[in-house]
Amino acid sequence: MRLGMVIDLKRCIGCYGCQLSCKAENGTPPGVFFARVLKQVSGKYPTVQNTFLPVLCNHCDDPPCVEVCPTGAAFVWEEDGIVDVDHDKCVGCRTCMLACPYSQRFFNDETRPYFGEGGATPFETARASHHQTGVILKCNLCRDRVRDGGKPACVENCPTVARIFGDFDDPNSEVSHLIKERGGFPLRPEKGTKPRVYYLPA
Amino acid sequence: MTHLDHRYDQLIDDLKSEYRPQREWAEGRGFFLIVGHFLVGLAAGAWLFGLGFEDSFALLSGWLLAGLGGLAHLVNIARPERALRMMTRFRTSWVSRGFWGLVFFMIGATVYLVTLLAPAAIGGTDTIIAQAAMALSIAGAVILIGYMGFVYTASKGIPFWDSNLHPVLYMSYAARGGAAMVLLGLAFGAGTGIDAEILLELWLTATALAAILWILEIQGAYASRDDAAIRSVRDILSGRLAFAFYAGMLLIGLLLPAVLIAGIVAPLSSAVMGTVALASVAGDFFMKYASIKAGRYLPLRIP
Chain A
1 MRLGMVIDLK RCIGCYGCQL SCKAENGTPP GVFFARVLKQ VSGKYPTVQN
51 TFLPVLCNHC DDPPCVEVCP TGAAFVWEED GIVDVDHDKC VGCRTCMLAC
101 PYSQRFFNDE TRPYFGEGGA TPFETARASH HQTGVILKCN LCRDRVRDGG
151 KPACVENCPT VARIFGDFDD PNSEVSHLIK ERGGFPLRPE KGTKPRVYYL
201 PA
Chain B
203 MTHLDHRYDQ LIDDLKSEYR PQREWAEGRG FFLIVGHFLV GLAAGAWLFG
253 LGFEDSFALL SGWLLAGLGG LAHLVNIARP ERALRMMTRF RTSWVSRGFW
303 GLVFFMIGAT VYLVTLLAPA AIGGTDTIIA QAAMALSIAG AVILIGYMGF
353 VYTASKGIPF WDSNLHPVLY MSYAARGGAA MVLLGLAFGA GTGIDAEILL
403 ELWLTATALA AILWILEIQG AYASRDDAAI RSVRDILSGR LAFAFYAGML
453 LIGLLLPAVL IAGIVAPLSS AVMGTVALAS VAGDFFMKYA SIKAGRYLPL
503 RIP
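Residue numbers (our numbering), protein chains in the order written: chain A, 1 to 202; chain B, 203 to 505.
FYI, nobody ran anything at the bench for these hints, they're computed from the structure. These numbers come from a predicted model, not from an experiment. Possibly wrong hints are sitting among the right ones.
Cut-off 20 Å, straight-line C-alpha distance, at most; resulting in silico cross-link-like pairs (EDC-like, lysine to aspartate or glutamate) [stated by the list, open to error]:
#	chain 1	residue 1	chain 2	residue 2
1	A	K194	A	D80
2	A	K39	B	D211
3	A	K39	B	D215
4	A	K194	A	D84
5	A	K10	A	E156
6	A	K39	B	D328
7	A	K89	A	D109
8	A	K39	B	D429
9	A	K39	B	D216
10	A	K151	A	D170
11	A	K44	B	E220
12	A	K23	B	D211
13	A	K23	B	D207
14	A	K89	B	E283
A few chain A residues facing chain B, derived, Cβ under 7 Å [as the list claims (entries may be wrong)]:
#	residue
15	G31
16	V68
17	D80
18	K89
19	C93
20	M97
21	C100
22	R127
23	A128
24	G183
25	L187
Quick list of the computed label-pair ranges, beta carbon to beta carbon [claimed, not checked]:
#	chain 1	residue 1	chain 2	residue 2	range
26	B	A449	A	H177	56 to 66 Å
27	B	G254	A	D169	54 to 64 Å
28	B	F445	A	R182	49 to 59 Å
Ideal placement from N, C-alpha and C gives every residue a C-beta, glycine not left out.
Build out the structure end to end from the sequences listed, making use of the hints.
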């Protein structure tokens, strides 16, 4: 099984719901965004188009972040192909950040609550207590939710159902059908990382 | 505003910009990575040249610089207490190979220096122990030089570094630094019997090679038509790193030594050789500073 995601750019309305739900689910500190939405303006007046490009870890089949990691902290789960980080092994060298062509790795340098001097809120304390400092944080497709039979938080909370989650190894899965029928494409295929996040044209 | 607030605001600004500058290996504790790469490159070059010219000053300084470079690498990582884990992934990771290179080098160089400077302790440099230590130190030095270049080439997120020329560029800079360290020893009266002219020729050859490789790197960035790589080159030639490039790399690292070697200012003397060596070393630091800090992340766009 190789889990991945298809994002329909035609459906994405740039509401940032994925970004917010990801933050709520993972309790990521300020400056850490496992899911982000990039805005892209194309064309010229009067035919200007605003396109939204949601990005996240591409869970590559050939992940350069895993290859360059000197400690084995960056690894791939054999059973589902999810690229993850073992925080107990990470030395915080940040090599993986520079190796990722998608800029989807974040360095959690110091503890910083959202509301500064007020300290961490009970929510932050509950959600972020497992985050180590001095290590890399990244999206793991909400692996705990997925193992319990659910979907990643960004998929569950997308109001326009622009995100479809599934198994890339299964030719009959919805993601495989969508990529085939609607001409799905990955970002930066020239980097040879074989990403497992595909986009459907707007 | 606390420093954390400032860094957060900076990160958000970076994330909003199309060509996000890499700060991971350039600012904060990341600055020590630049220092570390500068020091171990110089150390490995000094050691190899020191062995070639049988120059104790270069050997000692190489050993010392490698130790300091190793410490700088430790400061760069956020969890130094876990540093030994970095030995585990040498099959795929150049950082891990660099760690091994430093270990080989420090062990081999330490033992060899003991045999050289205190032959009464475990025998002289002709013993098997000394020869094995020398072989180990050479292997370590070669790995260290290679690691620096390849660790950048493996950074697929930074198009300016993702160049096959980078390892050769770093090798040429290690050779230039090695020649400079032997020159520096000559200036201080060490290395009697070393022909300064041969040394200067070697320095000039390494410098010419480094200059050609720099031109090829810049041409390669433009030829790749990769916006981020071109933006990095612009940072160096006419942007935020122009001062380091023109004043540090070109003026101090290239022009000043060239003028001194040509004998335009003064005839070649110990003082001139020392100045050439120090200028060359300073230029190498600015080269590494500029090329590392110039890195910008690959932008994400819909094709």
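Consistency of the hints with the structure:
1. Between A:K194 and A:D80 the CA atoms are separated by roughly 15 Å; this keeps the pair inside 20 Å, and the hint holds.
2. At most 20 Å may separate the alpha-carbon atoms for a hinted pair to count; A:K39 and B:D211 meet this at roughly 19 Å.
3. For the given pair, A:K39 sits about 14 Å from B:D215 by alpha-carbon distance, which is consistent with the 20 Å threshold.
4. For the hint pairing A:K194 with A:D84, the CA-to-CA distance comes to about 16 Å; that is within 20 Å, so the pair holds.
5. Annotation: proposed proximity of A:K10 to A:E156 holds, straight-line Cα distance about 18 Å (limit 20 Å).
6. Among the hinted pairs, A:K39 with B:D328 is inconsistent with the structure: their alpha-carbon atoms are about 67 Å apart, more than 20 Å.
7. Between the alpha carbons of A:K89 and A:D109 the distance comes to roughly 16 Å, so the proposed pair stays at or under 20 Å and holds.
8. Note on A:K39 and B:D429: the hinted pairing holds, with a Cα-Cα distance of about 18 Å set against a maximum of 20 Å.
9. For the suggested pair A:K39 and B:D216, the alpha carbons sit about 14 Å apart, so the restraint of at most 20 Å is met.
10. The straight-line distance between the Cα atoms of A:K151 and A:D170 is roughly 17 Å, inside the 20 Å bound, and the hint therefore holds.
11. In summary, the hint linking A:K44 to B:E220 is supported, as the alpha carbons are separated by about 19 Å, within the 20 Å threshold.
12. Between the alpha carbons of A:K23 and B:D211 the distance comes to roughly 18 Å, so the proposed pair stays at or under 20 Å and holds.
13. Straight-line distance between C-alpha atoms of A:K23 and B:D207 comes to about 19 Å, which keeps the hinted pair within the 20 Å bound.
14. Under the criterion of a C-alpha separation no larger than 20 Å, the hint pairing A:K89 with B:E283 is consistent with the structure, at around 11 Å.
15. A cut of 7 Å between beta carbons decides the hint on A:G31: the least distance to chain B is about 5 Å, and the hint holds.
16. Look at A:V68: its Cβ gets to within about 5 Å of chain B, closer than 7 Å, so that hint holds up.
17. The closest approach between the C-beta of A:D80 and any C-beta of chain B is roughly 21 Å, which is over the 7 Å cut-off, so the hint fails.
18. Using the Cβ-Cβ criterion of 7 Å, the hint placing A:K89 at the interface with chain B is satisfied: the shortest such distance is roughly 6 Å.
19. Contact between A:C93 and chain B, as hinted, is supported at the beta carbon level, the nearest pair being about 5 Å apart and thus within 7 Å.
20. Annotation: interface hint on A:M97 holds; nearest CB of chain B at approximately 5 Å, less than 7 Å.
21. Interface restraint check for A:C100: the shortest CB-CB distance to chain B comes to about 5 Å, inside 7 Å, so the restraint holds.
22. Below 7 Å, beta-carbon pairs count as interface contacts, and A:R127 has none with chain B, the closest being about 18 Å; its hint is therefore violated.
23. Here the hint on A:A128 is broken, as its CB sits about 15 Å from the closest CB of chain B, past 7 Å.
24. Contact between A:G183 and chain B, as hinted, is not supported at the beta carbon level, the nearest pair being about 12 Å apart and thus beyond 7 Å.
25. Contact between A:L187 and chain B, as hinted, is supported at the beta carbon level, the nearest pair being about 6 Å apart and thus within 7 Å.
26. In this structure the supplied range 56 to 66 Å holds for B:A449 paired with A:H177, their Cβ-Cβ distance being about 59 Å.
27. Here the CB-CB span from B:G254 to A:D169 is close to 56 Å, well matched to the stated 54 to 64 Å.
28. For the pair B:F445 and A:R182, the beta carbons lie near 50 Å from each other, so the given range of 49 to 59 Å is met.
Figure legend: structure checked against the earlier numbered hints; hints not met, in rising order: 6, 17, 22, 23, 24.
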